[in-house]
Amino acid sequence: NAGVTQTPKFQVLKTGQSMTLQCAQDMNHEYMSWYRQDPGMGLRLIHYSVGAGITDQGEVPNGYNVSRSTTEDFPLRLLSAAPSQTSVYFCASKPTPSLEQYFGPGTRLTVT
Amino acid sequence: GIQVEQSPPDLILQEGANSTLRCNFSDSVNNLQWFHQNPWGQLINLFYIPSGTKQNGRLSATTVATERYSLLYISSSQTTDSGVYFCAFGSSNTGKLIFGQGTTLQVKP
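One line per chain: the protein sequences are A and B, in this order. Just so it is clear: in the first sequence, position 105 is 105 by the numbering used here, and no numbers are missing. Just so it is clear: in the second sequence, position 83 is 83 by the numbering used here, and no numbers are missing.
Isolated chain B, as found in the complex (with noise of 0.2 Å):
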């Protein structure tokens, strides 16, 4: 079945310090997002980016469909954006979302 891959499993950050988290996927991408769950455990979108380069703020993702992975980046980092951070990977004809199995992040003061 189709494997969505995360990396790095954990990720201990100072505050300010940038980081790059990966998701590679195992078919042909369609839809792609990345979630934030916070420590409240509500489930933020971030992205919806099947493929090219979006950003928002600190923050940015690029997919590149035919490598099969997509890159979040996360600039000056602060405490807020502690938590886990999911991509999932979807079938534009179902709509089904598979997760992986995310990066915890921890940015310390």
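For reference, chain A alone in the conformation it holds in the complex (with noise of 0.2 Å):
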């Protein structure tokens, strides 16, 4: 198994631009989400699902939009870059909410 994967792995955008941050899982993890971590502090909850077809805010999801067609997939898109979105994100899968929760590597995100 790969795990939880991320694409890219940096990316720089300018303010005003849109992109999409890739998650993909082959676990079969039916809870995925999506944090971001911003300079000396913890992680942050953006958006999570759990299961194909189901999404919910997180703490901070303002700016983000997200969506699940498949178990797999869960990407986030910035519809519009804000230099307040330079963090890391990271997504994260587990198989029910009740249990052990795994991450992807990140994705550092500047916005100049």
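Treat the hints as calculated values from the structure; they're not laboratory data. Treat the hints loosely; a few may be bogus.
[To be verified] Simulated restraints, written as ranges between beta carbons of each label pair:
id	chain 1	residue 1	chain 2	residue 2	range
1	B	P109	A	G51	42 to 50 Å
2	B	I12	A	M19	38 to 46 Å
3	A	L79	B	I12	37 to 45 Å
4	A	R108	B	I12	22 to 30 Å
What you are looking at is a predicted structure, and each value in this text was computed from that prediction instead of being measured. Even glycine gets a Cβ: it sits at the ideal position worked out from N, Cα and C.
Take the two lone chains, each set in its own frame, and fit them into one complex as the hints suggest.
The structure is reproduced here in structure tokens:
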């Protein structure tokens, strides 16, 4: 199993540009989520999904969209990038909400 | 809202020393994990421990759910233990994890 994979590893955007961060898992996990980590801080939840077709907002959802059309994929969309979205983004998955969560390697995003 | 507090915020150890990291949480636990973020930014699962005690090599963890805290023990520390240690507390209904601010550990040779 490749586990949780994320692409790209690094990205630089200009203010106002849009892009999609990709996340995939091959463990048939129902639960997937996106977090952001700002310097010197813990991770904060952006959006999560408890299964295909079901998504919900986390702690910091503004400026981000998600969809879950398949069990494997959970892309995160930035519609109009802002400098405040400069951060490291982590995708995670787990079999059910109550079990251990596994993280991808992260995407480092800079918005200028 | 739910709060997770970690202590100490920073820790410097000499190689071979032991240490205890603490995580306090403000609500009943049904999902608690410890992670190590290495200097390259990778998040590594250490323990999934909503209650009780677990050991894995030089590391062990104990969660006392009734008193709302968890402890991570590192024995005979090595330079490769350096990095940030996070505890994260969550709901078994929604699966959401709330992270503490982390303990930054530096182990000197």
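How the hints compare with the structure:
no., hint, in the structure
1, B:P109 x A:G51: 42 to 50 Å, "holds (48 Å)"
2, B:I12 x A:M19: 38 to 46 Å, "holds (39 Å)"
3, A:L79 x B:I12: 37 to 45 Å, "holds (43 Å)"
4, A:R108 x B:I12: 22 to 30 Å, "holds (27 Å)"
Violated hints: none; the structure is consistent with every hint.
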